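Mind assembling these two chains? They're in different frames, but the hints should get you there.
Given next are the chains, with one letter for each unit.
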Amino acid sequence: SQQGEEDPQALSIQEGENATMNCSYKTSINNLQWYRQNSGRGLVHLILIRSNEREKHSGRLRVTLDTSKKSSSLLITASRAADTASYFCAVQGGSEKLVFGKGTKLTVNP
Amino acid sequence: DTGVSQNPRHKITKRGQNVTFRCDPISEHNRLYWYRQTLGQGPEFLTYFQNEAQLEKSRLLSDRFSAERPKGSFSTLEIQRTEQGDSAMYLCASSLDGVPPLHFGNGTRLTVT
Chain C
1 SQQGEEDPQA LSIQEGENAT MNCSYKTSIN NLQWYRQNSG RGLVHLILIR
51 SNEREKHSGR LRVTLDTSKK SSSLLITASR AADTASYFCA VQGGSEKLVF
101 GKGTKLTVNP
Chain H
1 DTGVSQNPRH KITKRGQNVT FRCDPISEHN RLYWYRQTLG QGPEFLTYFQ
51 NEAQLEKSRL LSDRFSAERP KGSFSTLEIQ RTEQGDSAMY LCASSLDGVP
101 PLHFGNGTRL TVT
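Same order as they appear, the protein sequences are chains C and H. Under the numbering used here, the residue at position 91 of the first sequence is numbered 91, and the numbers go up by one with no gaps. Under the numbering used here, the residue at position 69 of the second sequence is numbered 69, and the numbers go up by one with no gaps.
Worth flagging that the hints you see were computed from the coordinates, not collected in a lab. Bear in mind that the values here come from a model prediction, so they are computed numbers and not experimental data. Some clues are possibly wrong.
To be verified - Calculated lysine to any residue pairs in the SDA-like style (CA-CA distance at most 20 Å, straight line): (1) C:Lys102 to H:Asn106; (2) C:Lys105 to H:Glu44; (3) C:Lys102 to C:Asp7.
To be verified - Example chain H residues on the side facing chain C (calculated, C-beta under 8 Å, incomplete): (4) Phe21; (5) Arg22; (6) Leu61; (7) Ala88; (8) Gly98; (9) Pro100; (10) Leu102; (11) Gly105; (12) Asn106.
Using N, Cα and C, we set each Cβ at its ideal position, and we do this for glycine too.
The following block holds chain H by itself, in its conformation from the complex (with noise of 0.2 Å):
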């Protein structure tokens, strides 16, 4: 067990720019969780994969974003043309069936200037 692994830790784009992160979740777990967390907030659902399939998005996940997980094993999070407003972090995490607990990976802080 390897635990959760989120690239690149650490991204600085200019604004209007697209980024992409990756998350390779724990080896077994067919479920995987992309939130976001603000400074002094607590972390937000944005969507989540069973597998492949893309189960459910938040409102948060506007159209500039776009999650994927091909193969049912690693996972990109796309955002476009980004803004200042989704300087954050963006947390991955997984787990095997949803069953509790998350397991989170060190996430990719993002900043737009």
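If we strip away everything but chain C, and leave its shape as in the complex, we get (with noise of 0.2 Å):
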């Protein structure tokens, strides 16, 4: 079963809007990721925060983690049509598996 959950499940915004998703999960982790998956195509890594970080950047993104509340939030400013994807989180706990949520659908229209 999967253990992320990510909100909202769709999300339209116009090129240079600010686009936010959340992710919320049920057990303790050792890190939490992101990753990017354009139509038919595989998984690519944005961004791993650990579980004793808060606030990670990297370019556009900023990811923040609550382990009290078990939940993230990906953050992606001056949104571009090219960002246009489905955004995962997915969390990893004692094994080498990630558990993924069920993705947030992003289109930034131009």
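Written out as structure tokens, the structure is:
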């Protein structure tokens, strides 16, 4: 069963706006990762945040993690049409397997 | 680094037939993972290898599924007696020593008619 739950399931914004996606999970984790998937393609890793970190930045991406609430958010600033994709959070606990959420489908309109 | 390669990209088969998919990981990666993704869902873990040893298997991997990595390089995933519920994207990923991130291939899309 999938542990992560992304919110919203779908998000449509205009180019230049910011996009925020949320992820909740159920058990304790070592790290939480965000991946992006273009339609019909594999997943591409975006950013990893460890359980002892609260915020991380990479380019136009900002990730926060609140382990007390078992939640994370991904912010994409100044979105571009090329950011259109599905975004998945994945949690890693005591084993090597990743447990993915159902994803947020982001559409950035030019 | 040529990335993770999966073949075929698409496979259409009739119910009851056997199918086999191949994954070639990034050459120096000793870990290889198989995931399954159905429409509108995130990937679900199936199994993973450290070199040729299969270290963990999900309950999703029924006895009709078998995965091998005989020489610790490429891997195959075989599904016997396919069912319509097996229709999905089968994703392969690799990593070095289990250190994130996973590097995914573009998947094999299986359609069982």
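The hints, checked one at a time:
For the hint linking C:Lys102 to H:Asn106, the alpha-carbon distance of about 18 Å falls within 20 Å, and the restraint holds. At most 20 Å may separate the alpha-carbon atoms for a hinted pair to count; C:Lys105 and H:Glu44 meet this at roughly 18 Å. Straight-line distance between C-alpha atoms of C:Lys102 and C:Asp7 comes to about 9 Å, which keeps the hinted pair within the 20 Å bound. Residue-level restraint check for H:Phe21 is violated (minimum Cβ-Cβ distance to chain C is 14 Å; threshold 8 Å).
Annotation: H:Arg22 was flagged as interfacial toward chain C, and the flag is violated, the nearest CB pair being 15 Å apart, outside 8 Å. Annotation: interface hint on H:Leu61 violated; nearest CB of chain C at approximately 12 Å, more than 8 Å. Below 8 Å, beta-carbon pairs count as interface contacts, and H:Ala88 has none with chain C, the closest being about 13 Å; its hint is therefore violated. The interface hint given for H:Gly98 holds, since its Cβ lies 5 Å from the closest Cβ of chain C, which is under the 8 Å cut-off.
At about 5 Å, the closest approach between the beta carbon of H:Pro100 and any beta carbon in chain C falls short of 8 Å, and the interface hint on this residue holds. For the restraint placing H:Leu102 at the interface with chain C, the shortest Cβ-Cβ distance is roughly 7 Å, inside the 8 Å limit, so the hint holds. Proximity of H:Gly105 to chain C holds as hinted, the smallest CB-CB distance being about 5 Å (cut-off 8 Å). For H:Asn106, the interface hint holds, the least distance from its beta-carbon to any beta-carbon of chain C being 5 Å, beneath 8 Å.
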